[in-house]
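As given, the protein sequences belong to chains U and D, one line each in that order. Residues 0 to 283 (numbering that gives the first Met the number 0) are what the first sequence spells out, left to right. Residues 0 to 350 (numbering that gives the first Met the number 0) are what the second sequence spells out, left to right.
You may find that some hints are simply not true.
[As the list claims (entries may be wrong)] Taking lysine-lysine pairs in the DSBU-like style, the calculated list, with each CA pair at most 35 Å apart, reads:
| no. | chain 1 | residue 1 | chain 2 | residue 2 |
| --- | --- | --- | --- | --- |
| 1 | D | K165 | U | K269 |
| 2 | U | K227 | D | K165 |
| 3 | U | K52 | U | K211 |
| 4 | D | K165 | U | K261 |
| 5 | D | K220 | U | K52 |
| 6 | U | K220 | D | K29 |
| 7 | D | K64 | U | K180 |
| 8 | U | K129 | D | K165 |
Source of the hints: derived by calculation from the structure; they are not laboratory data.
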Amino acid sequence: MPLSIICPECKNEYRQPAERCPHCGKPGPCWNVIAAEDPAERAALERRYQAAKADAMSRSADRNLQDFESAVAGSKAVIARSEIEVHRLASSDRQLYATYYELTEAGISLPAGDEWDTLRELADTLLFAKSKKHIRFGCLSLDGIGLPNYGPCSIVLREEMISHRSSVFEENSAVFMERRKIKISREPKMPKGYKATWGERGKLCVAKLATKIDSTTPSDKYSEILLKQGAISEYDEFVEVHIYGAMTVLTMDQVIVTAPRKNQRATILKAIEFKLAKHGVRAS
Amino acid sequence: MDALISGTTGRALLVDVGQLKSFDVDDPSKLVSRRPSDFAYLFGEMRDLRVLENTDIESVQHELKHDSDCALALDLTLISLDPELASEIRKEAIEGLDELLTGRVVESLENILYARPLTEAADLAGASKLSAHARVTRVSALFHRLERYQPVISQVSAAWDTIPTKVFGSYDHQAAFQRVAAREGLFRSLVKTRCDWSKVFVVISNVSRNGHLKHLHDHRKVLQQWAASLIAMGHQFGPGLEAEEQSYERTSRELTPNDLPQPVSQDAEDSPIALPSVHTPETMPAARYLTDLLKQLSPEDQMLFDLTFDGYDAREIAVMLGISEPAVRKRNSRLMQKLRRLVQQGERAHA
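For reference, chain U alone in the conformation it holds in the complex:
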């Protein structure tokens, strides 16, 4: 993650987490996207991608892998949240979807306070530096269903609202840091080739998941290859989506509720769906 960039307009340098050039005032970049566009990152990803394709060819799985790549290149960014949170967001387009840091700083939510919490914060600092407070997390999904460990409502985001400010990452970034024993230092040795721009998410999925595709893999298995819920959130397997900046109900395309519709809860869900529909958000 670059800590500073040269403003493309005035050619002066400015630092994270500025969202505009402080010198000329021109709108700035999304820092996570800049990091994913780094030539060294892209080159490393390309090497992983080509190696995965070559391996698939040697197993006669290249056609299926191509099919898988086409599917995941159209995957959606999904955030799973509680009914209450969706209800709040659906109530008005002035309601913002907050990040973990915004919630804890505002005193609305409490940090978990365990070693996982520390790991999460360290991973965010390594990946996003001073921009971590602006990053919203989601996952890639083919069927629009996210990770129920985070809530029974899967919010599918509108691609046109997030593609320019989103990047994707190999897996749960906190788990990634721990598994690879990434050490804190002035210049942390982050392996390259594990993040991609939104437009290149298909490549990252191929690089990561090609070994799970063989010559007999049916296309209806792609969804669970891309995303698999674990017994607890730590064991979830998914491609993480990092979205820079604010989101509202107008960022949503669809909400899929996986919770059972029983008794009075069914009425509450009907009311949420009614409100979502007023903002043009489909619900099912």
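Fit chain D to the known structure of chain U by using the hints.
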């Protein structure tokens, strides 16, 4: 075992010798092992977390069911009041709400609804009409009470807003105090006094018996300021409100005793401290009026007043002062007479 419960998420987290397990209100028999990092995802924004200490699983199930029913009832109430929603959804919400309105749920729901006046956007008239159409008497009675109490709710709420933040210590403390005061029914109790000075005093003096409220930062100062502001506003709502409400309740069908309006509290009715109902002289702010009144008491009487104000009952005061319980009652009675006399003297001087 300790437990955390949240009605809005319908989940409980059991903490037993370092082991974490959760269950959902719909399936309490299914226990799922958890780790601390799951905490945030189990409870969402955690606005309604409640801690149960030294408890057992049956109690946790019972409390979770109650909190979940309360959260559902609040959601359904808000849906039924929402004019933006389709009438069918609002009617369905009203019917669902009626099924949930049993004694404790009614009280908990009113604790929240009476904490702030309804916003202009809330369509109480429409909701009342829909509930009458649906023939759901419990909801009709709830809406009737809510409508009738709106002026008092506004006044209690406005009095709360006059308390300076510095009295609470910080904005965070202020917000926390308000949350607990609403949840524990303090707003509701004050609303039910209809701003009657003597009843306000009794409600406030009973607060110290509430374990949740008495641990809040500077609770005594906050409550004194609140009571003073409420009285200083000067408008006392007559008993007609309650009489009308009870008459309405009697004519409603299928009501249970729990649906009837509760008195301020049993303690309020029986308390030896029942000051005469007076309007504060307009020329003197209520807080100063009260302070000046108490200054005229002897140190012993002031101590007795303080102990009673702090929520100690006659038996407890007797132990603290090393006198008998009847003696405490007798002194309390004398104290009341003195206060009554002082108030009457004040009124005469003001006239």
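Here's how the hints hold up against the structure:
1. Annotation: proposed proximity of D/K165 to U/K269 is violated, straight-line Cα distance about 43 Å (limit 35 Å).
2. For the suggested pair U/K227 and D/K165, the alpha carbons sit about 51 Å apart, so the restraint of at most 35 Å is broken.
3. Among the hinted pairs, U/K52 with U/K211 is consistent with the structure: their alpha-carbon atoms are about 12 Å apart, no more than 35 Å.
4. For the hint pairing D/K165 with U/K261, the CA-to-CA distance comes to about 46 Å; that exceeds 35 Å, so the pair is violated.
5. Note on D/K220 and U/K52: the hinted pairing is violated, with a Cα-Cα distance of about 72 Å set against a maximum of 35 Å.
6. Distance hint between U/K220 and D/K29 is fulfilled; the C-alpha atoms sit about 29 Å from each other, no more than 35 Å.
7. Our distance criterion of 35 Å between C-alpha atoms is broken by D/K64 and U/K180, whose separation comes to about 44 Å.
8. The straight-line distance between the Cα atoms of U/K129 and D/K165 is roughly 34 Å, inside the 35 Å bound, and the hint therefore holds.
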